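If you want the numbering used here, it's the 1-based position in the sequence shown plus 147.
If you are wondering where the hints come from, they were derived from the structure by calculation, not from laboratory data.
From a predicted model like this one, the values you see are computed outputs, not experimental measurements.
We put the CB at the ideal spot given by N, CA and C, even for glycine.
Hints are not guaranteed to be accurate.
Unchecked claim - No farther apart than 27 Å at their CA atoms in a straight line, the calculated lysine-lysine pairs in the DSS-like style are these:
| id | residue 1 | residue 2 |
| --- | --- | --- |
| 1 | Lys315 | Lys273 |
| 2 | Lys353 | Lys242 |
| 3 | Lys242 | Lys352 |
| 4 | Lys224 | Lys176 |
| 5 | Lys242 | Lys224 |
| 6 | Lys353 | Lys273 |
| 7 | Lys273 | Lys176 |
| 8 | Lys273 | Lys352 |
| 9 | Lys273 | Lys224 |
Claimed, not checked - What follows is a set of in silico ranges between Cβ atoms, one per label pair, in the way DEER data are often shown:
| id | residue 1 | residue 2 | range |
| --- | --- | --- | --- |
| 10 | Thr191 | Gly355 | 29 to 37 Å |
| 11 | Phe304 | Lys176 | 15 to 23 Å |
| 12 | Phe304 | Glu200 | 26 to 34 Å |
| 13 | Val181 | Trp354 | 25 to 33 Å |
| 14 | Glu183 | Thr335 | 31 to 39 Å |
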Amino acid sequence: MPKGEDFVDGLTPTTSSLKQDPRDADPVKLNPEVREGERVVFLTRGFITTVDESEYERVMRYSWHANIQPHGDGHFKIYAVRGRRASEGFPKGAKQYLHRFLVLAEEHPDIHVDHLDGNSLRNSLKNLAPGLPIHNKMNLRCGGSGNVPEYVGVYRFPSTAKNGNSSKPFEASFNFMGERFFCGRFATAYEAALARDTALLEEHKKWGIPPIVSNNVLNFPHEDTEEKRQCIQRVDEEIPF
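Kindly generate the complete structure, drawing on both the sequences and the hints.
See the structure below:
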C-alpha cells in the first residue's frame, strides 16, 4: 500500500492494491489515470497499464496480461506481466514484469523496482525507482532521509568542532544494492547533496539504469546551473571512490 510520506512531488497517490480479490472488482475503479505523455497498454481481465510514449513501441512488441498476486497483509496487487518464451531460453512458466523490463533490471535479479506512488499499474519511468526494498524508502527525494530535511542522504554532525572537522560538518551517503556508500564530508549541505547525487548516478550507470529513472532518487534531478556544475567539479574530488 502506498504511504503518504513516500510520495514524490508531482505524483498523485493512487493504488492498485485492495483487500478484495481484483477478480471480483471493477477494473475501471483500479485502472490508472492516463496522463499527458503516456500511452495505454491493454491487459487481460479489463485492466490497463500506462507507459511513456517513448517506451510504447518497445513495450508493444510483446503481449502483456494482468497478474493478480496476494500479499501477506491480505491485500492483492496487480502487475503487468508477459510469459517468457522457450525461444528466449527460459523454462516453461517463466514470466517478465513490465516495470522490470522498462528499467532494464532483468539482467540483475537483485535490483528491486518500486512504484513510487504505490500503483503497480502506473509504469511511466517517472514512477519507477530501482534499488532494494529496504533501501528505496531511504533514497527517495521527498524529504525525511537524513537529518537535513532539505536533502536526501545528508547529515549534519554538530560535534565535529570537537574533533577538528568543524569546517566540513555535512556528511553524504546513500544505499544501493545492499551496500552503503559514503561520499565524504563537506562545508555545506548543498555540496553534500550534490556529492551524493553524483556518486549515486555513477553507480546507476554501472547497472545500466536509465537516467530518467535515476532522477526519481536524486536531490537535483533537473536543475542545471553554472553554480551546480562548478560545485559538482569540486565535490567529485572529494568522493573517495
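Each hint tested on the structure:
1. Between the alpha carbons of lysine 315 and lysine 273 the distance comes to roughly 34 Å, so the proposed pair goes past 27 Å and is violated.
2. With a C-alpha separation of about 25 Å, the suggested pairing of lysine 353 with lysine 242 holds against the 27 Å cut-off.
3. For the given pair, lysine 242 sits about 26 Å from lysine 352 by alpha-carbon distance, which is consistent with the 27 Å threshold.
4. With a C-alpha separation of about 14 Å, the suggested pairing of lysine 224 with lysine 176 holds against the 27 Å cut-off.
5. The hinted pair formed by lysine 242 and lysine 224 meets the criterion: a straight-line CA distance of about 16 Å does not exceed 27 Å.
6. A C-alpha spacing of about 20 Å is found between lysine 353 and lysine 273, which places the hinted pair at or below 27 Å, so the restraint holds.
7. Restraint check: the Cα-Cα separation between lysine 273 and lysine 176 comes to about 22 Å, which is no more than 27 Å; the hinted pair holds.
8. This hinted pair checks out: lysine 273 and lysine 352 have alpha carbons roughly 17 Å apart, not beyond 27 Å.
9. For the hint linking lysine 273 to lysine 224, the alpha-carbon distance of about 20 Å falls within 27 Å, and the restraint holds.
10. Evaluation of the 29 to 37 Å hint for threonine 191 and glycine 355 yields a pass: the beta carbon distance comes to about 30 Å.
11. The hinted range of 15 to 23 Å is not satisfied by phenylalanine 304 and lysine 176, whose Cβ atoms lie roughly 49 Å apart.
12. For phenylalanine 304 and glutamate 200, the Cβ-Cβ distance of about 46 Å falls outside the hinted range of 26 to 34 Å, so the restraint is violated.
13. Between valine 181 and tryptophan 354, the C-beta spacing of about 30 Å keeps the proposed range 25 to 33 Å intact.
14. Taking the beta carbon of each, glutamate 183 and threonine 335 are about 36 Å apart, inside 31 to 39 Å as hinted.
Violated hints, in rising order: 1, 11, 12; the structure is consistent with all others.
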